[in-house]
Amino acid sequence: MLQPINISLESLNLITLAPMLIAIAGGLIILVLNLINEKLHKSLYVMLTLLILFIDFGAVLGLNVNERGFFDVMLIDGISIISQLMIIVGSMIFIPLALTSKRFHEYSYPEFFALFLFMIAGFQFMAASDNLILIFVGIETASLALYTLIALHNRSNSYEAAVKYFTMGALAAAFYAMGSAVIYGLTGSVELYKISEILATRLNETGLMIAIFGSSVLLLVAFAFKLSLFPFHTWAPDVYEGASAPLAGYMSVVPKIAAFVVSVRIFGMYIDLGVEWVRIIILVLAVVTMTLANIMALVQEDVKRMLAYSSISHAGFIMAALALDTTEGTTSIFLYYALFMFTNLGAFSMLWISRHKNRRFNARYDHPYEKFAGFIQIMPVGAVIMGLFMLSLAGVPPFSIFWGKIYVMQAAVNSGYIWLAVVMGLNSAIAAYYYLKLIVYMFLKDPVKNVDTIYYNLSKPLMAVIGLATLATITAIFYVQPLISYLYYMISASGY
Amino acid sequence: MDNILSVLVFFPAIAGLLGFVVHKESARAYGITVAAIEFLLSLWLWFSFDTANAGMQFMEMIPLIPDFGVSYYLGVDGISLFIIIMATLMTLIGMMSMSTTHNIKNMIITLLFLEMTMVGVFVSLDAIIFYLFWELSLVPMLYIIGAWGGPLRVYASVKFFLYTFAGSLIMLVGMLFVAYVYHNLTGVWSFAITDWYALVLPVDYQLWLFAAFFLGFAIKVPMFPFHTWLPYAHGQAPTIGSVILAAVLLKMGTYGFVRFSLPMFPDASVIAITPIAVISIIMIIYTAMVAYAQKDMKQVIAYSSVSHMGIIMLGIFAMNAEGIGGSVFQMLSHGIVSGALFMLVGVIYDRRHTKMMDEFGGLASVMPKYAVIFGIMLMAAVGLPLTIGFVGEFLVLLGFYQVSPIMTILAGTSIIIGAVYMLTVYKKSFFGPITNEANRTLKDLDAKETWSLVPLVLIVVWLGVYPKPVLGPIDNSVKAMLTFMDEKAITQEAKDMIQVARSVTKTGEVK
Numbered sequence: 025m026l027q028p029i030n031i032s033l034e035s036l037n038l039i040t041l042a043p044m045l046i047a048i049a050g051g052l053i054i055l056v057l058n059l060i061n062e063k064l065h066k067s068l069y070v071m072l073t074l075l076i077l078f079i080d081f082g083a084v085l086g087l088n089v090n091e092r093g094f095f096d097v098m099l100i101d102g103i104s105i106i107s108q109l110m111i112i113v114g115s116m117i118f119i120p121l122a123l124t125s126k127r128f129h130e131y132s133y134p135e136f137f138a139l140f141l142f143m144i145a146g147f148q149f150m151a152a153s154d155n156l157i158l159i160f161v162g163i164e165t166a167s168l169a170l171y172t173l174i175a176l177h178n179r180s181n182s183y184e185a186a187v188k189y190f191t192m193g194a195l196a197a198a199f200y201a202m203g204s205a206v207i208y209g210l211t212g213s214v215e216l217y218k219i220s221e222i223l224a225t226r227l228n229e230t231g232l233m234i235a236i237f238g239s240s241v242l243l244l245v246a247f248a249f250k251l252s253l254f255p256f257h258t259w260a261p262d263v264y265e266g267a268s269a270p271l272a273g274y275m276s277v278v279p280k281i282a283a284f285v286v287s288v289r290i291f292g293m294y295i296d297l298g299v300e301w302v303r304i305i306i307l308v309l310a311v312v313t314m315t316l317a318n319i320m321a322l323v324q325e326d327v328k329r330m331l332a333y334s335s336i337s338h339a340g341f342i343m344a345a346l347a348l349d350t351t352e353g354t355t356s357i358f359l360y361y362a363l364f365m366f367t368n369l370g371a372f373s374m375l376w377i378s379r380h381k382n383r384r385f386n387a388r389y390d391h392p393y394e395k396f397a398g399f400i401q402i403m404p405v406g407a408v409i410m411g412l413f414m415l416s417l418a419g420v421p422p423f424s425i426f427w428g429k430i431y432v433m434q435a436a437v438n439s440g441y442i443w444l445a446v447v448m449g450l451n452s453a454i455a456a457y458y459y460l461k462l463i464v465y466m467f468l469k470d471p472v473k474n475v476d477t478i479y480y481n482l483s484k485p486l487m488a489v490i491g492l493a494t495l496a497t498i499t500a501i502f503y504v505q506p507l508i509s510y511l512y513y514m515i516s517a518s519g520y
Numbered sequence: 043m044d045n046i047l048s049v050l051v052f053f054p055a056i057a058g059l060l061g062f063v064v065h066k067e068s069a070r071a072y073g074i075t076v077a078a079i080e081f082l083l084s085l086w087l088w089f090s091f092d093t094a095n096a097g098m099q100f101m102e103m104i105p106l107i108p109d110f111g112v113s114y115y116l117g118v119d120g121i122s123l124f125i126i127i128m129a130t131l132m133t134l135i136g137m138m139s140m141s142t143t144h145n146i147k148n149m150i151i152t153l154l155f156l157e158m159t160m161v162g163v164f165v166s167l168d169a170i171i172f173y174l175f176w177e178l179s180l181v182p183m184l185y186i187i188g189a190w191g192g193p194l195r196v197y198a199s200v201k202f203f204l205y206t207f208a209g210s211l212i213m214l215v216g217m218l219f220v221a222y223v224y225h226n227l228t229g230v231w232s233f234a235i236t237d238w239y240a241l242v243l244p245v246d247y248q249l250w251l252f253a254a255f256f257l258g259f260a261i262k263v264p265m266f267p268f269h270t271w272l273p274y275a276h277g278q279a280p281t282i283g284s285v286i287l288a289a290v291l292l293k294m295g296t297y298g299f300v301r302f303s304l305p306m307f308p309d310a311s312v313i314a315i316t317p318i319a320v321i322s323i324i325m326i327i328y329t330a331m332v333a334y335a336q337k338d339m340k341q342v343i344a345y346s347s348v349s350h351m352g353i354i355m356l357g358i359f360a361m362n363a364e365g366i367g368g369s370v371f372q373m374l375s376h377g378i379v380s381g382a383l384f385m386l387v388g389v390i391y392d393r394r395h396t397k398m399m400d401e402f403g404g405l406a407s408v409m410p411k412y413a414v415i416f417g418i419m420l421m422a423a424v425g426l427p428l429t430i431g432f433v434g435e436f437l438v439l440l441g442f443y444q445v446s447p448i449m450t451i452l453a454g455t456s457i458i459i460g461a462v463y464m465l466t467v468y469k470k471s472f473f474g475p476i477t478n479e480a481n482r483t484l485k486d487l488d489a490k491e492t493w494s495l496v497p498l499v500l501i502v503v504w505l506g507v508y509p510k511p512v513l514g515p516i517d518n519s520v521k522a523m524l525t526f527m528d529e530k531a532i533t534q535e536a537k538d539m540i541q542v543a544r545s546v547t548k549t550g551e552v553k
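These protein sequences, in sequence, are chains A and B. My numbering applies: residue 25 is where the first sequence begins, and numbers increase by one. My numbering applies: residue 43 is where the second sequence begins, and numbers increase by one.
These are computed hints drawn from the structure, not numbers from a lab. Some hints could be false.
Unchecked claim - Okay, the calculated beta carbon distance ranges per label pair: (1) B:Gly192 to A:Phe502: 34 to 44 Å; (2) B:Asp92 to A:Lys484: 29 to 39 Å; (3) A:Ser516 to B:Asp538: 45 to 55 Å; (4) A:Pro506 to B:Thr143: 14 to 24 Å; (5) B:Glu479 to A:Val472: 40 to 50 Å; (6) B:Asn145 to A:Asn178: 32 to 42 Å.
As the list claims (entries may be wrong) - Taking lysine-lysine and the DSS-like style, the derived pairs with C-alpha atoms no more than 27 Å apart in a straight line are: (7) A:Lys461 to B:Lys147; (8) A:Lys63 to A:Lys126; (9) B:Lys66 to B:Lys490; (10) A:Lys469 to B:Lys66; (11) B:Lys337 to B:Lys469; (12) A:Lys381 to A:Lys188; (13) B:Lys337 to B:Lys470; (14) A:Lys484 to A:Lys126; (15) A:Lys469 to A:Lys381; (16) B:Lys470 to A:Lys469; (17) B:Lys201 to A:Lys461; (18) B:Lys147 to B:Lys201; (19) A:Lys469 to B:Lys537; (20) A:Lys381 to A:Lys484; (21) B:Lys147 to B:Lys66.
C-beta atoms are modelled at their ideal positions from N, C-alpha and C, and glycine is treated no differently.
Construct the entire structure; sequences and hints are all you get.
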């Protein structure tokens, strides 16, 4: 006869699930609300989503560090808290961008906001677990919601983007499942902490290395897809181009934060075990990604594609920090993304305000460089702000990303990878060229067409978001210190 | 006012921000007033400066990112003091003589931001803050060249930006490495230069770091073979851009060598004497010859500028008080003289819209005042005794003579070749009959131009005849630095090369 399962509710520590449950419940509330009254304006949904994210934020802040819960599959350590906070903040910047002065049909569906909240819950699951199965569930929840969000945009290439992303994502998921299966076969566990214990004891068995190698390669491929690392990056520019500008900006930050958390957990484990080739492969991927993406960004004719390649290059830059596997290296990943988030979302928002329903400058692209020619004469403040974002992305001090860059480079130098710091420096110099190209167009050229509707889509909420991003970009020097010490504390507390 | 340095740095920036409100008709007057106040502030700095004290003064320190060792750390010594005054002076004079009318308000605001970064570079004692101002100075210059320049302006401005940016990123890696070594030895993060001075590094580290810093500084100087961006930048820049670029921005490079490379890596610097001297001599002779071959008056001055920067580099690596002190003095003299020459070319360009020498001839008869001032500046550039150019050049050559007489003789040819190309310019443009009818009706200098140029002439003569008020503090700080380097050097070779005691008596007699 089966024994009745006897688990006390306290041992489940359900509070660890609270943030995700809040997001999911919020999504359901939005759906129910739509069921009751169909004619609600998008602004209501936007504000509701913001409020739910706000509660979510509070719930994450209230979590205690280093707890487990829900049959020990949930892991609330320092990096899971900071990454969840960053995911929520990124989402809170993104969602008001729906309040454009022009109507875009995706935002009139409440499903957009419900899916958005489900996606956030998915990311939070990825960040807050070290169970390979739960991570998989998180990845898939988030990705499926994201594919749909992309497809909802009103361009023909949005479908192309969604399908392309879906196909690539499915492939990545398959690689992830296979990699996890190999690990499970080796160790009989899907919990990373147990896996690492078991592997540590069996590391010198002959014949085992090839299996460990196989699993690491499969997992690396999966995350290289998610993080758009060379040579698995090819989907990224097309998907960014097809997605709406804010969503493209969002994709370049938030999903990557979630993927980086999982990467830190998995590949950090491999490197800690002394599997050096994982480090070598990551370094090679990182260097190749940042260099090639930079070179490809040089020849783009569309600002959005340029920013897509630049995001890939930044991801490569950060990936290098992953290979260091030091507390500083891990801190630099989060510091970089915390700073990158504002600037990059700001830059994509600037594209968003210039979005027109017809492609008036070029039949192929929405945002060719010519569109921004003479921007300084049309909209001086906008041009200066966009110029600031570009300088920040290029790593010109004292703007935000510079501090992320030197922290990464310092982490590389401290671990003895001086050549890596030099490569990073040279790459920043290459990158400066394409950011400068936009600045040259904006400041030094004359408008090519009649100056009418470049800021077609501007509205007060968008101005507020851009203002916030600008403020965060300029004043970085004053908040970097508390940010670093908080991140460093949280990361070292969780043992990375 | 102990925080006068902060005021000096941020006054132009705040004025620049407020400048957005000023009406564009009044922007020019606003800019000149602000620059004049800034110049007076820098003079105040000089008068409250303790000339007997060779160390850093007016130090300010506010920790910005203590976990990472970055702090807002400013200070000034005899070496940087006069460069700061020169920077504020040249900004003021440049603005006064400026003939640009197009988008004048943007120009004024840009110049004020540029002034902030220039002063910032020379007062920073924290490597990251130094780097911050260093990089930030590229942006206003990019805009000045790109928006007001000649036909190739975009190419020239982007080339200028990327060249310097690439070099300085390598320098940044070097800085991060020094901080790392410092952290390893002391357990504390610090980017303060004064902390770094205390580091005694092994020679191989010094060599690598010297190379990293060298790339950053050499591109800025610009040293041969990294000089190719400069003729483009000068050729395309508007007059004010060239003035600031030649007078101040280039000095950032040579200042960097004095502030960072020498005291931090004394042994590597001694090892680098010969290679750098060779490069400098190539730079001096080669660019002087190139200058001779130019048909464009502005290009002659641009190349002569590179040639004179070679003299400065040579002096810095003489490793004695005459050489380094002379170099610092030559930085000032080059700033004033080449700035003035670019302004003078701007004067004739405004009237004729050409800079080609074969278009001119006989200008002396229609523009006598112009010809006189041009002549004086030319003589100062060549290094005629009793002008400011002579003092620096002589001290440098005297200093380097102790290192290598042969190289000094080679470098000394710069005076001869310099005289050749400069006098050729003068002969072609000013002497002889008027061959081009368009030149017959040219107006002489107007009040604005005269009032901008005459103060520079006075300084050229004053410091040429009596350089002591300026040389004194420079000499003090340089000697303190040399003593420090001598103590710090590990190899005997370096200790032999760095001459401390001998130079004390001599500099007194030189003047």
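Results of checking the hints against the structure:
no. : hint                             : verdict
1   : B:Gly192 to A:Phe502: 34 to 44 Å : 40 Å, holds
2   : B:Asp92 to A:Lys484: 29 to 39 Å  : 55 Å, violated
3   : A:Ser516 to B:Asp538: 45 to 55 Å : 49 Å, holds
4   : A:Pro506 to B:Thr143: 14 to 24 Å : 47 Å, violated
5   : B:Glu479 to A:Val472: 40 to 50 Å : 41 Å, holds
6   : B:Asn145 to A:Asn178: 32 to 42 Å : 39 Å, holds
7   : A:Lys461 to B:Lys147             : 24 Å, holds
8   : A:Lys63 to A:Lys126              : 18 Å, holds
9   : B:Lys66 to B:Lys490              : 19 Å, holds
10  : A:Lys469 to B:Lys66              : 21 Å, holds
11  : B:Lys337 to B:Lys469             : 13 Å, holds
12  : A:Lys381 to A:Lys188             : 23 Å, holds
13  : B:Lys337 to B:Lys470             : 10 Å, holds
14  : A:Lys484 to A:Lys126             : 12 Å, holds
15  : A:Lys469 to A:Lys381             : 25 Å, holds
16  : B:Lys470 to A:Lys469             : 37 Å, violated
17  : B:Lys201 to A:Lys461             : 12 Å, holds
18  : B:Lys147 to B:Lys201             : 25 Å, holds
19  : A:Lys469 to B:Lys537             : 56 Å, violated
20  : A:Lys381 to A:Lys484             : 20 Å, holds
21  : B:Lys147 to B:Lys66              : 5 Å, holds
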